[in-house]
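A.B. asks: Residue numbers (the numbering used here), protein chains in the order written: chain A, 24 to 368; chain B, 24 to 368; chain C, 24 to 368; chain D, 24 to 368.
It should be emphasised that the hints constitute simulated quantities derived from the structure, not laboratory data. Incorrect hints may have been included.
Note: identical chains are not told apart, hence a pair may lie in one copy or across any two.
[Said to hold, decoys possible] Taking lysine-lysine and the DSSO-like style, the derived pairs with C-alpha atoms no more than 27 Å apart in a straight line are:
#  : residue 1 : residue 2
1  : K66       : K276
2  : K276      : K288
3  : K25       : K82
4  : K276      : K157
5  : K66       : K159
6  : K157      : K25
7  : K82       : K276
8  : K82       : K288
9  : K25       : K288
10 : K159      : K113
What follows is each chain in one-letter form.
4 protein chains.
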Amino acid sequence: LKNIDVCVLGATGIVGREYLRILSNHPYFRVRCVTGRRSVGSKLADTLDEGSDEINLPKHIGNLEILPTDPARVDADLVFSPLPTDVARKTEEEFASAGFTVVTDASPHRMDEDVPLVIPEVNPEALSLIEGQKRKRGWSGAVVATPNCTAVGIVMTLKPLADRFGVENVVGTTLQAISGAGYPGVPSFDMIDNVIPFIENEEEKVAQEANKILSAAHRIPFGITTTRVPVISGHTASLHVELARSATPEEIKEVLASFTGAPQKLRLPTAPERPIIVREEVARPQPRVDRGAGSVPGMSVVVGRVRAGMSASHVQYVVVSNNTVRGGAGGAVLTAELMVEEGIA
Amino acid sequence: LKNIDVCVLGATGIVGREYLRILSNHPYFRVRCVTGRRSVGSKLADTLDEGSDEINLPKHIGNLEILPTDPARVDADLVFSPLPTDVARKTEEEFASAGFTVVTDASPHRMDEDVPLVIPEVNPEALSLIEGQKRKRGWSGAVVATPNCTAVGIVMTLKPLADRFGVENVVGTTLQAISGAGYPGVPSFDMIDNVIPFIENEEEKVAQEANKILSAAHRIPFGITTTRVPVISGHTASLHVELARSATPEEIKEVLASFTGAPQKLRLPTAPERPIIVREEVARPQPRVDRGAGSVPGMSVVVGRVRAGMSASHVQYVVVSNNTVRGGAGGAVLTAELMVEEGIA
Amino acid sequence: LKNIDVCVLGATGIVGREYLRILSNHPYFRVRCVTGRRSVGSKLADTLDEGSDEINLPKHIGNLEILPTDPARVDADLVFSPLPTDVARKTEEEFASAGFTVVTDASPHRMDEDVPLVIPEVNPEALSLIEGQKRKRGWSGAVVATPNCTAVGIVMTLKPLADRFGVENVVGTTLQAISGAGYPGVPSFDMIDNVIPFIENEEEKVAQEANKILSAAHRIPFGITTTRVPVISGHTASLHVELARSATPEEIKEVLASFTGAPQKLRLPTAPERPIIVREEVARPQPRVDRGAGSVPGMSVVVGRVRAGMSASHVQYVVVSNNTVRGGAGGAVLTAELMVEEGIA
Amino acid sequence: LKNIDVCVLGATGIVGREYLRILSNHPYFRVRCVTGRRSVGSKLADTLDEGSDEINLPKHIGNLEILPTDPARVDADLVFSPLPTDVARKTEEEFASAGFTVVTDASPHRMDEDVPLVIPEVNPEALSLIEGQKRKRGWSGAVVATPNCTAVGIVMTLKPLADRFGVENVVGTTLQAISGAGYPGVPSFDMIDNVIPFIENEEEKVAQEANKILSAAHRIPFGITTTRVPVISGHTASLHVELARSATPEEIKEVLASFTGAPQKLRLPTAPERPIIVREEVARPQPRVDRGAGSVPGMSVVVGRVRAGMSASHVQYVVVSNNTVRGGAGGAVLTAELMVEEGIA
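Full structure from sequences and hints, please.
C.D. replies: Here's what the structure looks like:
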């Protein structure tokens, strides 16, 4: 037990709840403070009851008073930020400037050159940017970002393909869950018996973030269409990848299934045994079925339908990732665990 | 009024009902007979009431007795066949052999070399195969096929692109409606809050049928993934097309929106004014919203999100087509209308 | 053709569109003006395209400019008001005061003693209140209200039961469609794979409005629970009614199925042949299947599962009514037609 | 640890999986055998992978070979039977006759006079029927039944009301999840954007089973309508109960919330701290949100909207119960735990 005190900013939203769930019995982190926009001053447990899925919080968390999101009111070693985009940049900078290490899954800082954008299995070395960030910005704290929930499953699977075969380009379509749009998010009148073929800024983010994280020798071209489907959680992506050389489906499945990284080596508490689970059944992965997959539920991405694409150097596959766990709270907690083990936080 | 007597085989299924609806006040065709597997001997109106969406059939159709699907019992100039795959080949051949012209949206005959596979706007000339088919098979009747419901929207949009710019290859993902799986089709336990990333044989059919219909100088490579989503009707396809030369989105939209074919020239009764409707809104097309689009509801395919793909010679767009109308009964009736006007039926 | 000029207030919402659809080729009414809160000054057709289901408006309607909702800008004989609750009272009174006859499906005026609350088949005589309303309020115009979309199916079926057998009390549960909540209405995160067992003020409205419309000798007690289910349109109500005397299911079905009223007698254009359709199938009515029922689609309510309740004087049944047609635009248009025929508008 | 060996019959269905999940780390029971209709001879883990939600089975369960459902092949102290209705009676009798204690959530034996129909909190005394059952039928084993998944939430809440106030009659409507229909169950074409207002035999079962379990002085009349809604799991019931005397909502909530029974007294492993959770929020309970409620997830039923009905002696409320846990595997396991503690199994 490391007993690191953490604070969850914006703790009452969909992803905020996921942080509380994941951190409720965590061997490194203790939730010592929560903040929110509404219900400031209320007991956390009372607020969560109002809204959404029943979660059984331990009493020491449920009894926390909701604080305003203000560095002067927060006492913690590390803060997690699932803040809404419109307030995230400013608030996170205030916290970093006030000396806090901020791990964020919000978008504003992701593409800043001096901010690490991290998937712990893929690019742990990006954490070395923190030093320069502090110096350049004159902060005693720092901001570390995790990628867009849609990018995670795509990048996680591209990494071992890029390392082994080289990736020339990626064409794909996502079928994304409504929890990815926050709350209230998409009106049910638009979503029942329907598909929405557009998610604002999402296609650009996937391409940019994937290239920043993979940092290949040359920029990989992406041709992505992002859509919203009537699924509560679990983002599905259907990809068609051109490799630098031909590869059989069997080779590709082997490369994906055997992929591991720093979190597995360090046996981080939130690290799944296998970051990528490859399924052989014809009709998998499916978001409702596979969003809880893995030894740490929701932290593995699940791949299926691996097969040749339109040529022998093209591969097609479908990947499901849990957007609120691996693509949200779980990814950020895993990043913080890595920072702890590497002595950065 | 041409007063051509027609018979709808398998009239009580999902697509069968669409035939009845479309043909209920048709200027060329009169439904004089219906057949079915179950409920033989019952009055059609009684059977339809049991099952599904209320349709207001004219009395002369509702009062028809359901006959067995047997050429000896049928009296008609033309028969429409929305029969299930497992019985379609044999039954359709019995009818053709018995002298009937069979227009079918079932799959078994589609890839037969001597069977026209027709989208009236795209390849009306394929009807000329009938002559040889009759000769070769010794039939007094003939079989004419319409394509897979998923292929229709894809091929309809590729045709004008191929003609104007050339098409090098097509990568895409479909999000298909459950009505495309027939009845009972997909269990709701698999479909609520879920996506199924596989439809049997569908990807092969799309590629094969598209190439047969477009009959380009060389076979176009396809990299298609077909998925099922919780939508009642309306198939969505998200496509990334490599053209033989670069083209701007504006050029492409203009080419798509201005596309017309034989049905528009001949002013066929079921022909929509515009086979392809191009929308400019960021979040269209959507299946529930656009499946009834067009001057003949459900007969136009709707395209949106036309934009550059990963290079200047790649274009991306989303297309929604009505799988039970344009991809089912409506497409077959339009084909039959074309045959009437060309003196073939 | 009567050529009465009408204006649709708030024409761009879900129910507003239904008015446009129903009025687009109406023998009495011509849509000469539309108003809205947003997009004032735009062409109506451009605004509708943005949002929701494709409707094929005639050009003379699509080309109308959206006016502000201001009596000084409106020129019409009659105005229809599907305005949101928060603005309806004040705006409707401004129009009535300025001399317009306002037919509204908004709630604020419904329970006013001097305002007719009308289901044309049930209580056409309520229109006689208009005279006193004008006098009392000093208006040259008037307000006529139609009931809550949920009350319509319930009251329509209670009327013939009350007339023939007497109704002692009504216990029931509704399963209401999301279109009843307007737009954006219910977040999809709350509605997919879920039921919401509460709709604000709805239970009170059903009881109060039913009693006002039925105006029985004594107030009928209601024990209603209203819930929201993932259905686009079509409200389902499951009712258990105590009659003043025992009755067999056969008697009850006969009474319901043979019910007609003033609209049928006057052959009003929007009157369905049968206001109540009784189905014998075990699993009907269903909202998706029956919301378009009847000779004027959506204007009939559909009843099924008629059977004895917990005693011989209790009857149970399920009724589906179309909340945007019969419970919205269609009900209001039918009321206006009745007023025209009775020389009131 | 009691180390009682159990066998799960029909282990690969929806409810079968729930048994495996609940029993996977159980302090009393060890799963030593599983049976199935299909896939006999396969390894259990391989079969489960094919189908549905990922569950992390311990290896000693996953590695079990699927046996035929035949008493001669089974070695266990107790068998759990989530068998389909059509085979349950015969198979369960074979097992009981062969000496096994069978705890079943299938329907065929429930109404047999000598078979206990048990909700452990409500009527633990019913287990005393076993003695006579064995004698009468000449069995060395016995059959103990748990009620229909819909009846559980209704009866659990009626019990404390009956004890404290007396229950005169119950009128209600259920909104049931599709998992209650088994697999494949309801076609998605019938369920998306729809409600099905009929479930075969369900209304009769609820009334009969409730009366058997509550065994009131006189038979309570029920007026229940059962419907199916697009929800994966969690049955909702909206009830209107006439009490023998008037009671305030506050009294009723207190009586419900404080209800406990034998399982709580005996601290059985699967017993929730509170069998009935009463919520004060206006829009609760909801099936997706509350189906996992309680200290043992899914074992508590959740009540909300407690309020006066149409008179001061009528109460209305909504209850959500987890049909696959409390109304399925969990209820049966709790019953078996009770039998172990009482020395019956």
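A.B. asks: Please go over all the hints and tell whether each is borne out by the structure.
C.D. replies: Status of each hint after checking the structure:
1. Taking the shortest Cα distances, K66 and K276 sit within 27 Å of each other only across copies (23 Å), while inside one copy they are farther apart (48 Å).
2. In this assembly of identical chains, the alpha carbons of K276 and K288 lie at most 27 Å apart only when taken from the same copy (21 Å versus 52 Å across copies).
3. When the C-alpha separation of K25 and K82 is checked against a cutoff of 27 Å, the pair qualifies only within one copy, where the shortest distance is 20 Å, while the shortest distance between copies is 31 Å.
4. Taking the closest pair of Cα atoms, K276 and K157 never come within 27 Å of each other, the shortest separation being 41 Å inside a single copy and 49 Å across copies.
5. When the C-alpha separation of K66 and K159 is checked against a cutoff of 27 Å, the pair qualifies neither within a copy, at 39 Å, nor between copies, at 53 Å.
6. Taking identical chains as interchangeable, the C-alpha atoms of K157 and K25 lie at most 27 Å apart only when both belong to the same chain, with a minimum of 25 Å there against 59 Å between chains.
7. For a Cα distance limit of 27 Å, the shortest separation of K82 from K276 across copies, 24 Å, qualifies, whereas the shortest one inside one copy, 44 Å, does not.
8. Taking identical chains as interchangeable, the C-alpha atoms of K82 and K288 lie at most 27 Å apart only when they sit on different chains, with a minimum of 24 Å there against 33 Å within one chain.
9. Within a single copy, K25 and K288 get their C-alpha atoms as close as 19 Å, which meets the 27 Å cut-off; across copies the closest is 38 Å, which misses it.
10. In this assembly of identical chains, the alpha carbons of K159 and K113 lie at most 27 Å apart only when taken from the same copy (17 Å versus 59 Å across copies).
Hints 4, 5 from the list above are not met by this structure, while the remaining hints are.
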